[in-house]
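Protein chains: 2
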Amino acid sequence: MSTGCRVTIAGAGLIGRGWAAAFLRAGWEVVLWDAAPGVLPAAAEWVRAALPEMEAAGLAVAPGGGLRAEPDLAAALAGADYVQESVPEDRDAKAALFARLDALAPPGALLGSSTSTIAGSLFLADLPGRSRAMVAHPANPPHLMPVVELVPSPWHAAADTARFSAVLAGIGQVPVVLKREIEGFVMNRLQTAVVNEAVALVAQGVIDPEGLDAVMKHSLGLRWAFMGPFETMDLNAPDGFADYARRYGRFYEAMGRTLSVADGWPAEAVERIEAARRLATPRASVGARMRWRDRALMRLLALRSGMGGTS
Amino acid sequence: MSTGCRVTIAGAGLIGRGWAAAFLRAGWEVVLWDAAPGVLPAAAEWVRAALPEMEAAGLAVAPGGGLRAEPDLAAALAGADYVQESVPEDRDAKAALFARLDALAPPGALLGSSTSTIAGSLFLADLPGRSRAMVAHPANPPHLMPVVELVPSPWHAAADTARFSAVLAGIGQVPVVLKREIEGFVMNRLQTAVVNEAVALVAQGVIDPEGLDAVMKHSLGLRWAFMGPFETMDLNAPDGFADYARRYGRFYEAMGRTLSVADGWPAEAVERIEAARRLATPRASVGARMRWRDRALMRLLALRSGMGGTS
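As you go down the protein sequences, you meet chains A and B in turn. Going by our numbering, the first sequence opens with residue 1, and the numbers climb by one from there. Going by our numbering, the second sequence opens with residue 312, and the numbers climb by one from there.
Worth flagging that the hints you see were computed from the coordinates, not collected in a lab. Mixed in with the good hints there might be a few duds.
As the list claims (entries may be wrong) - Derived Cβ-Cβ restraints for the label pairs, each shown as a range: (1) A/R68 / B/Y559: 25 to 35 Å; (2) B/L325 / A/P282: 40 to 50 Å; (3) B/A404 / A/S121: 36 to 46 Å; (4) B/G620 / A/T258: 33 to 43 Å; (5) B/E366 / A/P154: 47 to 57 Å; (6) A/G66 / B/D554: 34 to 44 Å; (7) A/P41 / B/Y559: 50 to 60 Å.
Stated by the list, open to error - Quick look at which bits of chain A chain B covers, simulated, 3 or more residues with Cβ under 8 Å: (8) 27 to 37; (9) 224 to 234; (10) 247 to 254; (11) 275 to 286.
We put the beta carbon where it would ideally sit given N, CA and C, even for glycine.
Build the full structure now, drawing on both the sequences and the hints.
Here it is in structure tokens:
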């Protein structure tokens, strides 16, 4: 991992905090900024607490990192090598913030956006420095889910994307380059495919909500924690993916036409899922369950890191 | 886990072998049968080798289990408490085999089918003992992927399903009860939603095959290894799943209408995925990679078992 560099995290909500932890773990100097400076002390405390938890779970933490909160944007950007914007999903707010980032950040600094729903074309196109500004969409939380979707806009060259990739791979994240803008990028399209079919199966009375979750975590999810769908299929036919496609492709095609991913979420199904969730995890236990989830992710990442093979 | 019971595994291919390992690990007496008795020695050797591997990865193995191969079906069924059919996906072959199983197995034995594509109504309906015969669809491989989809046919009562659930939960599998027959059951419908959208994203030139796999294994798959999609969403909004649905449901609904899960698998996309797979895992390394996958699954199961909380 790189060390000795400085990142400015612009926006100290849940996503910004996770980004700060990811850079801090890699030994970077992290400067936290937020338009509402009152949130900074709690955010910094959260980030500082995340590091020993990650180390205790077996994850590597590089030495030399530092963290400070800075309520003034110009001061927060001084000396930055990389800037990651993580403010709420509002196109005009993002456009206004990026105009300031582009004006104030050092000329060599890259400017990444955590947006999950807004194409870069819609809020970055008018920047003088638009070639250094790009959507770099993380999973949630960024310090425990290493993927970052790099989504170049039409004006970006391969060299722009490569610079973002180098920084993000350098801190141990996994940058994945999309070839063009598309609604939901890739991660949320795959998630939506699962979630909408899952809601439809409950709505159609095929399975209870807790059964649906059990199917995912006790079969598909176990495999997908180590390999994607293409490698999974590649290893499940004697002669690789093309062989798999010859044997089973027509079944997937036929079944695909029976899926209900374009259906809405009926209110009655939403109520049944909510009721099942509160039965499994009462309101008072939700916080403890979230901490369990984060510990589980840390330990899985440590397991993968120790085994190798999940690049 | 239960001990001291006897299971007959009818069909000693990959799925039957995994079933044999799952029952053997739980301390059952396992009798392997196959219509082609020549496969039995290698199958038995495979099952015997699986147990120490599982133990070495940290999984519990109950004492007292035993394994033998028996080429005669009547002899293989003598004294069976449970029978699991795992022969190739051919409706007439399954119907003929179940007629023999129903005639020869002890009256109290349950008869499960591993079919992944054929509704029980299509090959079990004419059995005199059809109430004890049910689709019990495992993931692949059964000893490393604990889910079993129990799919009752119209003639089954809740008590029939409950008897299957008790046996399968008793050996440490995770039985999940569907409420009715549906094409692909639940697991393969969720898998198809992901796989078809993944193929479409490659076909549309949005992402390379290796990038698609990276998105899954470095984000969604990590989470789904511990919790299903409903619990994931429940923990990602301040006031639970219903709150999540209010905030984001309309985005899922809108994005769902843009998915391409009903598209075919274009030959050109299949070729690009195959080429990317061979670059990542050359033909000569596929066997080693399959063993890596199985070790990874064992270690993840051991991690989950040690942490608790993934019921």
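Violating hint indices (sorted, rising): Per hint list: 3, 7 and 8 violated.
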